Amino acid sequence: MALPNTRRELAQHLEQVMSHAYAQLEERQRLEADTSLVKTYLVEAHRLRAADHDRTLQLIRATFVADVLGRRADTRVHETEDDRFFNVEFGRRDEQDVLYVDASNPRFWLVHSTAKSNDVDPIIEKLVNNTNEFDHVWIPIQLLMRIAQFGSLRGLGLDYDRREVPDVDFEAPNAPVEFLKIQLWGNRAGDVLRILKQEGAFPDATTLSKVKVKYFLDNVPENFCIADIKYDGKVTGRGMSYQSYITLVTNLYRDYQRRIEDYERRFTVTFRSAEDRLSVEGEPLNVRFTQPLPNLEAFCERVFSGSIPFRLMGLPIQTGRQNFRVNAIDLHVGRRMSFELSPEFMRVYLAPGGCGNSLARLYTNLQHYYNSQVEAVDGSEQLAFQP
Amino acid sequence: MAPNSLPSNLNLALMNLFVGMCKGVVGLPRNFRSLGYGDKWIELRFANADNEQVVPELIVASRQVNHTILFEWKSGPNTEADQLRRYARVTTRDLRERAHLAPEETGRHDVALIGLQEYADRFVMGITQGGYTFPVLLASDDGIAIHRNRFVPDETDAVFRPLLEIDWGKIPYYLFPVDADSELWEFAELVIPKVLEMMGSGETRILSRDLEETIPCWSIAPGEYQRRLKTKMYEVMGHACGRQFRSYLRENRDQGARQRLQRHWDIISNPLAGSSDKRHKEWKQMTSRYKEFLEFMKIGPAVPVQEVLDLRPE
Chain G
1 MALPNTRREL
11 AQHLEQVMSH
21 AYAQLEERQR
31 LEADTSLVKT
41 YLVEAHRLRA
51 ADHDRTLQLI
61 RATFVADVLG
71 RRADTRVHET
81 EDDRFFNVEF
91 GRRDEQDVLY
101 VDASNPRFWL
111 VHSTAKSNDV
121 DPIIEKLVNN
131 TNEFDHVWIP
141 IQLLMRIAQF
151 GSLRGLGLDY
161 DRREVPDVDF
171 EAPNAPVEFL
181 KIQLWGNRAG
191 DVLRILKQEG
201 AFPDATTLSK
211 VKVKYFLDNV
221 PENFCIADIK
231 YDGKVTGRGM
241 SYQSYITLVT
251 NLYRDYQRRI
261 EDYERRFTVT
271 FRSAEDRLSV
281 EGEPLNVRFT
291 QPLPNLEAFC
301 ERVFSGSIPF
311 RLMGLPIQTG
321 RQNFRVNAID
331 LHVGRRMSFE
341 LSPEFMRVYL
351 APGGCGNSLA
361 RLYTNLQHYY
371 NSQVEAVDGS
381 EQLAFQP
Chain C
1 MAPNSLPSNL
11 NLALMNLFVG
21 MCKGVVGLPR
31 NFRSLGYGDK
41 WIELRFANAD
51 NEQVVPELIV
61 ASRQVNHTIL
71 FEWKSGPNTE
81 ADQLRRYARV
91 TTRDLRERAH
101 LAPEETGRHD
111 VALIGLQEYA
121 DRFVMGITQG
131 GYTFPVLLAS
141 DDGIAIHRNR
151 FVPDETDAVF
161 RPLLEIDWGK
171 IPYYLFPVDA
181 DSELWEFAEL
191 VIPKVLEMMG
201 SGETRILSRD
211 LEETIPCWSI
221 APGEYQRRLK
231 TKMYEVMGHA
241 CGRQFRSYLR
251 ENRDQGARQR
261 LQRHWDIISN
271 PLAGSSDKRH
281 KEWKQMTSRY
291 KEFLEFMKIG
301 PAVPVQEVLD
311 LRPE
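Chains as they are written, first to last, in this note's numbering: chain G, 1 to 387; chain C, 1 to 314.
These are computed hints drawn from the structure, not numbers from a lab.
Keep in mind that this is a model prediction, so the values were computed, not measured.
Note that CB positions come from ideal geometry on N, CA and C, so glycine has one too.
One or more hints might be untrue.
[As the list claims (entries may be wrong)] To give an idea of the chain G side of the interface with chain C (calculated C-beta under 10 Å), a few residues:
hint, residue
1, 168
2, 287
3, 307
[What the hints assert, rightly or not] A few chain G positions that, by computed beta-carbon distances, are all more than 12 Å from chain C:
hint, residue
4, 16
5, 36
6, 56
7, 95
8, 122
9, 219
10, 262
11, 294
12, 319
13, 320
14, 337
[To be verified] Each computed DMTMM-like pair below joins lysine to aspartate or glutamate, with the alpha-carbon atoms no more than 25 Å apart:
hint, chain 1, residue 1, chain 2, residue 2
15, C, 298, G, 301
16, C, 291, G, 167
17, C, 284, G, 67
Start from the sequences, fold in the hints, and give me the full structure.
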């Protein structure tokens, strides 16, 4: 197929791919090959908040390169007739796949593809991890639950791995769950989730990582899609209607953007001065651990080591018996981000110009790698990541 | 210092504590926030009914209890008679018209003085002699308690009786990290992350104003005070250039450049430039240097300078 030259042509192409795949599925009664599914990666480009077409193109040309994506990623970037819409071909000469980069919102990009996940996932991963420009969208449990309510829940995935922050002895009798990964498909998935979250089951380790949602546009039976929405912003779609799919995806993305911008406004502490007057605006994000951290030093060492998924580099300074503070660098945007920790809580301060997406990254990954019940609240004790 | 005892810098501790409590910061008592108190002004200079200036350290106010508190704290044993007299002449009208507060939060007001428990007797002397009704609070390792007089609203008064327990190890730091009396290592804890941030962004020089950015309330500080803060930050940079960061930073002493850019430091070698995630090893090594440097700033030249590894990409 020729590369789409406009967003309209892209929509037609993806519509065709989706409906064809679904028809095949119905006919053959088996799962379609991964290649025929539409994938959309929600990617945040923090520094481009007000970028125009040329600046966006410049960044794509600088980052979609072998140095970032790996030697085998031979990429070619194509402009289209539409502003801030690009095709990026990648792969070997004889086997080219395409990323359709829609940067109509200069900061919150939609990157579509119909190539195999095995080929595209590593590209997106490297793009995020090997540059200071991009980040995944990070969807905490509460927001995934909310997204599930956009349509009807058809399945879910749980993914928890406590080994990532190894501050406990897993051999001890009362040691926490080390690892919990479950995929549940079907209409009863929600019931299983409720059971696992009950006291006495595994409430600390039941971390929602994916929801499968069936969504009807305008309640018309044939206008539906089924989308798998993952906590790192990867969406995989199938069904009869691309229009229904893109409506679902953009609904969740708009909700996410609104929240991130709101976090930046609320959780950035700024000092305002006029004449001789000084006032302090904003407040920290308060993270509360449901059980005190058993080894705060080990926790700090891991979280502020600069590694993925946290991407925070800092030197913890002990300030009390069991208190630390860290003036860290957020490696996503290269800006300072400050923390004050005790076994019961962590305060997170964004510096002016800091990235709200980094708050979502921290919180979401604490749910996945520390405790699914960790809470994030504002000064009024309201949940920051409200469903 | 015993762990989590009252910090040596009372001014910073109380400012961070009260602003933090108003903001509902986790780890601090919630009483103040629950009564609706919000931080309004820091060191606002305004005139009382006699057109004499007062400059409370902090003004907080609550619409919920229709009450304003002007806080004044002292790390020494004495109060100033003239200052107390001026505070006594602050009226509700002054608060509304000159301190820019709303009528709904200024129905009642108190001037609260906070001092150290160890100076209790001398601290309260000026209040007693002047016959003032200002609530006098005393800070100790355990928290803050009312020592003399009372707040007008009962619910506010109850917050400090018998004691508002404070774990001083848990008070915030970010809001007001240093003042002119802070130790050099405390300045280093602000300045070096800024240096690393700028190196990570690929900057080629660090200007004086970049260092100023690390002190959030810089813009409001009086000129003389700014000079004192600058002196400490420059001293930290001087040590950094001479010790753990000598391979990366050098002060630019060229007169022309200094005239244009004021005092500044060139980044002469930068292993952090480029993708921060790909330069993980380099970041780790720079963080180790930062750790050594902080040790040096805390305990002095006993800390040996580690041999410099050339981290420049080949």
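Hint check:
With its C-beta approaching chain C no nearer than about 22 Å, residue 168(G) sits outside the 10 Å limit, and its interface hint is violated. Using the Cβ-Cβ criterion of 10 Å, the hint placing residue 287(G) at the interface with chain C is satisfied: the shortest such distance is roughly 8 Å. The restraint placing residue 307(G) at the interface with chain C holds, with a minimum CB-CB distance near 7 Å, inside the 10 Å limit. With a least CB separation of 37 Å from chain C, residue 16(G) remains clear of the 12 Å interface cut-off, as annotated.
Non-interface status of residue 36(G) relative to chain C is upheld: no Cβ of that chain comes within 12 Å, the nearest being about 33 Å off. Every C-beta of chain C lies more than 12 Å from that of residue 56(G), the closest at about 19 Å, which supports listing it as non-interface. At roughly 27 Å from the closest C-beta of chain C, the C-beta of residue 95(G) stays outside 12 Å, upholding its exclusion from the interface. Non-interface status of residue 122(G) relative to chain C is upheld: no Cβ of that chain comes within 12 Å, the nearest being about 15 Å off.
No Cβ of chain C approaches the Cβ of residue 219(G) within 12 Å, the least distance being about 43 Å, so the stated non-interface status holds. Against chain C, the non-interface label of residue 262(G) holds: every CB pair exceeds 12 Å, the least being about 17 Å. The claim that residue 294(G) is not at the interface with chain C holds, since no C-beta of that chain comes within 12 Å of its own (minimum 18 Å). With a minimum CB-CB distance of about 6 Å to chain C, residue 319(G) fails to clear the 12 Å threshold, and the non-interface call is violated.
With a closest Cβ-Cβ approach of about 2 Å to chain C, residue 320(G) is found to fall inside the 12 Å limit, against its non-interface label. Residue placement check: residue 337(G) does not keep its beta carbon more than 12 Å from all beta carbons of chain C (closest about 10 Å). Simply put, residue 298(C) and residue 301(G) have alpha-carbon atoms about 21 Å apart, close enough for the 25 Å limit, and the pair holds. A C-alpha spacing of about 22 Å is found between residue 291(C) and residue 167(G), which places the hinted pair at or below 25 Å, so the restraint holds.
Using a Cα cut-off of 25 Å, the hinted pair residue 284(C) and residue 67(G) holds, with the two alpha carbons roughly 22 Å apart.
In this structure, the earlier hints numbered 1, 12, 13, 14 are contradicted, and the remaining ones agree with it.
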